[in-house]
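Given the coordinates of chain S, work out where chain A should sit on it, guided by the hints.
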Amino acid sequence: MIKTQVLVIGSGPGGYTAAFRAADLGKEVVLVENHDNLGGVCLNVGCIPSKSLLHTAQVINEAKSANQLGINFESPKIDIKGVRKNKENTVNKLTGGIKVLAKARKVKVLTGYAKFLSTNQVSLGGTDEIIEFEHCVIAAGSRVTKLPIFPFEDERVMDSTDALLLEDIPKRLLIVGGGIIGLEMATIYDALGSEITIVELCEQLIPTADKDIINPLFKRIKKIYSNIFLNTKVTKITAIKKGIKVSFEGKDAPETDTFDKVLVSIGRSPNGHLLDAEKAGVDIDKDGFIVTNRQMKTNVDNIFAIGDIVGQPMLAHKATHEAKVAAEVICGQKSGFDALTIPSVAYTDPEVAWTGKTEKELTTEGIKFKKGVFPWAASGRNLSIGRSEGITKGLFDSETGKILGMGICGTNAGELISEASLAIEMGCDMSDIALTVHAHPTLSETTAFAAEMAEGTITDLMPQKNKK
Amino acid sequence: MSTTKNVNLPDIGDLDSVDVIEILVKIGDLVKENDSIITLETDKATMEIPAPFSGRVTNLAIKVGDKVTHGDLILTVESDSEPAEIESEPSVKSKEPEVSLEDSTPAKDKPNKLDQKKEEISLDTEPDSHASPSIRKLARELGVSLSKISGSGQKGRILAEDLKSYVKQIVTTGNIDDEVEIIPLSRIKKISGKHLTHCWTTIPHVTQFDEVNIEQMEQFRQHQKERNIKLSPLVFIMKAVVQVLKNHPNFNASLDKNGENLVIKKYFNLGIAVDTPNGLVVPVVRDVGKKSLIELAKELKETSERAREGLLKPEEMRDAGFTISSLGGIGGTQFTPIINSPEVAILGVSRTQIKPIWNGESFEPATMLPLALSYDHRVIDGAEGARFMADLNQVLRNITEMLL
Numbered sequence: 216m217i218k219t220q221v222l223v224i225g226s227g228p229g230g231y232t233a234a235f236r237a238a239d240l241g242k243e244v245v246l247v248e249n250h251d252n253l254g255g256v257c258l259n260v261g262c263i264p265s266k267s268l269l270h271t272a273q274v275i276n277e278a279k280s281a282n283q284l285g286i287n288f289e290s291p292k293i294d295i296k297g298v299r300k301n302k303e304n305t306v307n308k309l310t311g312g313i314k315v316l317a318k319a320r321k322v323k324v325l326t327g328y329a330k331f332l333s334t335n336q337v338s339l340g341g342t343d344e345i346i347e348f349e350h351c352v353i354a355a356g357s358r359v360t361k362l363p364i365f366p367f368e369d370e371r372v373m374d375s376t377d378a379l380l381l382e383d384i385p386k387r388l389l390i391v392g393g394g395i396i397g398l399e400m401a402t403i404y405d406a407l408g409s410e411i412t413i414v415e416l417c418e419q420l421i422p423t424a425d426k427d428i429i430n431p432l433f434k435r436i437k438k439i440y441s442n443i444f445l446n447t448k449v450t451k452i453t454a455i456k457k458g459i460k461v462s463f464e465g466k467d468a469p470e471t472d473t474f475d476k477v478l479v480s481i482g483r484s485p486n487g488h489l490l491d492a493e494k495a496g497v498d499i500d501k502d503g504f505i506v507t508n509r510q511m512k513t514n515v516d517n518i519f520a521i522g523d524i525v526g527q528p529m530l531a532h533k534a535t536h537e538a539k540v541a542a543e544v545i546c547g548q549k550s551g552f553d554a555l556t557i558p559s560v561a562y563t564d565p566e567v568a569w570t571g572k573t574e575k576e577l578t579t580e581g582i583k584f585k586k587g588v589f590p591w592a593a594s595g596r597n598l599s600i601g602r603s604e605g606i607t608k609g610l611f612d613s614e615t616g617k618i619l620g621m622g623i624c625g626t627n628a629g630e631l632i633s634e635a636s637l638a639i640e641m642g643c644d645m646s647d648i649a650l651t652v653h654a655h656p657t658l659s660e661t662t663a664f665a666a667e668m669a670e671g672t673i674t675d676l677m678p679q680k681n682k683k
Numbered sequence: 048m049s050t051t052k053n054v055n056l057p058d059i060g061d062l063d064s065v066d067v068i069e070i071l072v073k074i075g076d077l078v079k080e081n082d083s084i085i086t087l088e089t090d091k092a093t094m095e096i097p098a099p100f101s102g103r104v105t106n107l108a109i110k111v112g113d114k115v116t117h118g119d120l121i122l123t124v125e126s127d128s129e130p131a132e133i134e135s136e137p138s139v140k141s142k143e144p145e146v147s148l149e150d151s152t153p154a155k156d157k158p159n160k161l162d163q164k165k166e167e168i169s170l171d172t173e174p175d176s177h178a179s180p181s182i183r184k185l186a187r188e189l190g191v192s193l194s195k196i197s198g199s200g201q202k203g204r205i206l207a208e209d210l211k212s213y214v215k216q217i218v219t220t221g222n223i224d225d226e227v228e229i230i231p232l233s234r235i236k237k238i239s240g241k242h243l244t245h246c247w248t249t250i251p252h253v254t255q256f257d258e259v260n261i262e263q264m265e266q267f268r269q270h271q272k273e274r275n276i277k278l279s280p281l282v283f284i285m286k287a288v289v290q291v292l293k294n295h296p297n298f299n300a301s302l303d304k305n306g307e308n309l310v311i312k313k314y315f316n317l318g319i320a321v322d323t324p325n326g327l328v329v330p331v332v333r334d335v336g337k338k339s340l341i342e343l344a345k346e347l348k349e350t351s352e353r354a355r356e357g358l359l360k361p362e363e364m365r366d367a368g369f370t371i372s373s374l375g376g377i378g379g380t381q382f383t384p385i386i387n388s389p390e391v392a393i394l395g396v397s398r399t400q401i402k403p404i405w406n407g408e409s410f411e412p413a414t415m416l417p418l419a420l421s422y423d424h425r426v427i428d429g430a431e432g433a434r435f436m437a438d439l440n441q442v443l444r445n446i447t448e449m450l451l
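If you're matching them up, the sequences are chains S and A in order. Just so we're aligned: the first sequence equals residues 216 to 683 in our numbering. Just so we're aligned: the second sequence equals residues 48 to 451 in our numbering.
No lab work stands behind these hints: they were computed from the structure. Being a predicted model, the structure only gives us computed values, none of them experimental. Errors might be hidden in some of the hints.
Said to hold, decoys possible - Just some of the chain S residues that point at chain A, by a computed CB distance under 10 angstroms:
1. D251
2. A281
3. D343
4. A554
5. I557
6. S613
7. M641
Unchecked claim - Lysine to aspartate or glutamate pairs mimicking EDC-like chemistry, simulated, CA-CA at most 20 angstroms apart:
8. A/K110 with S/D553
9. S/K583 with A/D113
10. A/K184 with S/E543
11. A/K110 with S/D239
12. S/K585 with A/D58
13. A/K202 with S/E614
14. A/K114 with S/D612
15. A/K184 with S/E493
16. A/K184 with S/E614
17. A/K402 with A/D366
18. S/K617 with A/D113
19. A/K184 with S/D553
20. A/K202 with S/D239
21. S/K539 with A/E188
22. A/K202 with S/D644
23. A/K202 with S/E640
24. A/K73 with S/E543
25. A/K114 with S/E614
26. A/K202 with S/D647
27. A/K114 with S/D644
28. A/K360 with A/D58
29. A/K110 with S/D612
30. A/K195 with S/D553
Just so you know, even glycine gets a beta-carbon here, dropped at the ideal spot from N, CA and C.
One chain only, chain S, in its complex shape (with noise of 0.2 angstroms):
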C-alpha cells in the first residue's frame, strides 16, 4: 500500500500541472499514468506531434510557392522515416522533460490503470498495488470517439492517433469530420502529397466557430483538395481489398468512392466511466462528464476532476488552469476557475482562431453587438509574406464598446488571438485597442483595425458605413 497526500490520475498538461503545483506548494504527491510516456494525448499523440507535422508541411508548402518570390526549388523529395523522427524527437524531448521535472519536485510517478475502489483508494492496474490518497485529481481526459459503424480492425481506417504515426502516405485520404482534428491532419496529409476529401455532417467546416473567419481557409482549400462535401453523412464504410468503399448521403457527394486511407476525427470522448469512480460516489453525467464546481471539486469533498473529463472545451491550456486551481485548492488556497474566455486555435493553413463569444453565441442569446471586420487583403505585412487571404473580427457590445469576442483567420492567427483574451480579461473596450500603439507593418495590426473598423476611425480601409 502507497499512501500519499495527493494523488493525481493522468500526466496529460492538467495531471502533471496539478501535480506539480500541489508539490511546489508542499505536498507529498503520486502521480499515475497508464502510457510508458509521460504527458498524455496532448505531448504524445495530439497538440506537440501534430504541431511538428504541421510545421514540416509548412515548409514544404513554403518552399512549393517560393516561386512566387522569384525562387524555384524541385519538388521536394520527402524521406517519410526522417519526418516521424523529427517529430518523435520533439516529443521525446518535452516528455523527457516533464520527467526531470517530476523528479526535480519528487513527485513519485506510477504507470498504471487506476481504478477507485473508495472515496480514498485506488487500485494500480497490472499491479497490485493499492494507493490510498487524501486528496485526488481526476485528470484522466478523453479518447477518440469511436462509432460502431467505422471498421477500426482494418489499419486503413485510422483514428488521429493512428493517422499522426505517419505509417505512409496515402494516394486517396478521406477525412470524416470537418473539424480541428481533421482539418490539421488533412494539412499535413496534403502537403506530404496525398489527395484529400472531407466529409462533414454541418454546413460549415469547425462548425463552433463562425463562418466568416473559416471562410479565408474554406477557400484556398476547397482549390486544393479534391472535395469537400459539406452536409454530408457518411452512412457505411467497408474495407475492401483496393481499400476502403464508403457511402454517402448528401446533395453533392457521390454515392460511394473507395480511398486508400480513411481518418475518423468526428470528437472525444470523456473518459468520465473508465475509471470505477462511481465506487467512491463521485458523479458523472450521462455524457461521461465528471460534475465539478468552480474549484473543480467534485461532489466528494477530497476529490477533484480537471481537463477534458470534466467538460469542453477539450483543450490543454483550459486544463492546465483549471489544474492549478484545483491543486491550490487543495492545498488550502481560495482559487477558482473564473476565466471569462478560453481561446481556439485551429493550426491549419491559414490558421484558425477565436476566443470571447462567437457571432453565433451573440446572436443566440440575443446581445446586441457591433463588429469591425478588417481583411487582411488590406494589411501590409500579409502582403509582404506572400499572402491575401485572411480576416480580423472583433465583437464588441453595441453600448458599451466593450470587447466580446474576437476571430482571426490567417498566418500566425493562433498566436495573435491572446492580444484579444486579455482585452477580454481586463474588460478592454474598442477605442483602448484601437489606441493602443501597435507596431507596424505586422499582422498583429489587424486586431487594432477591426477595433477601428468598428469605432469608424480606420484609415487604412473605408469605415463601416454605419460610424461617427
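For chain A alone, coordinates are given in the frame of chain S:
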C-alpha cells in the same frame, strides 16, 4: 393592453452631460408616477429624476457612469395596470446550471464562517464587475464579493486599492460581528464633506459672538401673526444682513483662487443652509434686498421644501455672497459656523432665549437672539468683524432701521 412609453431626461436646467450616479430601478420593476428612477450628480448637487408616469420598466437605456443631457432616453416603461408576469428572470437563472458552489454564500454575509470552511470563496465574475483576473484572484483570497465594491478605476474598474480599502473598512469598523452596521455616507454628505474639509482647513476662521435684543421684532411678528401673516425671525435676519452688507462690502465677497484679490459682489444673494434627510444643502435666495418680508418668507418655505425633497437644481445653489445657517428652531446657545468658501463670512443663528436685561434702572425680560459671525481673517480683521456685528445688532434690535 399595454403601451410602451419612453422616459426621456426632463429639463434639468442649463446643464449638459450630467453624470448618472445611481439607477434606482431595474428592468421588470414597477414604478409609480413620481417615484425616483435615477440620480444625477453635478459638481454642485445631486438630484433624483422622478418617473413621469407609472408602469413596468422594460428597458434601461443608460447605466451608472453615463453622461446624460436633456432629452436623452433614460428608460422604457410599459404602462399596464395588470402587472405582467416577468418571464425573463427565472429563465435567466435556470440558464446557469451552476454547480451549487459556495459562491452563493459570500464571505461578507457570514464572515465568521470563513475559518470553518476554507473553500468558501467568492467567485464573483458577473459581467458588471469590471476587474482584471489578478483582482478577481485577490477578491477570492480576501473572501470579498466584487459586486459589493464600486471601482475607482477608469470606467468603474475595481482596483486593488478599492478591494483593500473595502476590507480595511470592514476590519477597522469591526463589522465582522453584528453589533455595528456600516452605512455608506449619502452622496450629499460625501460631496459636502470634501467641501467642508477644504473650507475648514484652508480658511483661518474667527468667530464673533453677540446677542440681540429682538423685543421690537417679536412684537411686530406677533402683530402680523394675529393678521395671519407668519414671518420667521430668519427673514428679518436676511433683510438686516443685506442692509449691513451694503455698508460692509468686504463681507459680500469672495477671495479668488490664489488668495490675492477680493471679488466684491454688487448683488445681494444669500445662501441659506437647509437640513435635509440626506444632508446639508445651501440653496440661494437671490436679490434679497429687492424682496419684501412676505415674499422672502414664501420663497424660503418653498425652497426648503424642494431642498428636502432633493429637487433643487444646481443653479439654485450658485452665486451666494454670504451665507446664513440657522439652528434657531432646534436649540443651542451658540455654535461656530464654517465659512462656505469662496465666500468670506457666514452668520450662525441659535435659539432665542428670554433673559433679564439691565435697562439702567432695573432688570427687565427681553427676548435675546444669539448670533455667531465667522469670518475669513485673511480678508476681514477683528475690528471690522466686530463693527459688522454691532451694525447688525443695531438693525435687528431696531427693525425700523430696515426702512432706511
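- Are S/K585 and A/D58 close enough, with their CA atoms no more than 20 angstroms apart? violated, 31 angstroms
- Message: Check the hint pairing A/K402 with A/D366 against an upper bound of 20 angstroms on the C-alpha distance.
- Response: Between A/K402 and A/D366 the Cα gap is close to 38 angstroms, so the pair fails against 20 angstroms, i.e. violated.
- Query: When you check the alpha-carbon spacing of S/K539 and A/E188, does it fall within 20 angstroms?
  - Reply: holds, 15 angstroms
- Message: Run the distance test for A/K184 versus S/D553: straight-line Cα separation, threshold 20 angstroms.
- Response: holds, 9 angstroms
- Message: Hinted pair, alpha-carbon criterion (20 angstroms max): A/K202, S/D239. Please report holds or violated.
- Response: Answer violated: A/K202 to S/D239 is near 38 angstroms, above 20 angstroms.
- Item | Pairwise hint evaluation, S/E614 against A/K202, where the allowed Cα distance is 20 angstroms at most | Status holds; Cα separation ~13 angstroms.
- Task: Mind checking the alpha carbons of S/K617 and A/D113 for me, to see if they're no more than 20 angstroms apart?
- Result: The given pair, whose Cα atoms are some 14 angstroms apart, holds under the 20 angstroms limit.
- For the pair supplied as a hint, A/K184 and S/E543, confirm whether the alpha-carbon distance does not exceed 20 angstroms. holds, 12 angstroms
- Task: Closer than 10 angstroms between Cβ atoms is the bar; does S/D251 clear it against chain A? Give me holds or violated.
- Result: violated, 35 angstroms
- Query: Taking only the CA atoms, is the gap from A/K110 to S/D612 under or equal to 20 angstroms?
  - Reply: holds, 14 angstroms
- Task: Go through the hint on S/S613 and say holds or violated, using the shortest Cβ distance to chain A against 10 angstroms.
- Result: violated, 12 angstroms
- Holds or violated: A/K114 with S/D644, Cα cutoff 20 angstroms? The hint holds at about 17 angstroms.
Taken one by one, the earlier hints fail for this structure at numbers 1, 2, 3, 5, 6, 8, 11, 12, 15, 16, 17, 20, 24, listed in ascending order.
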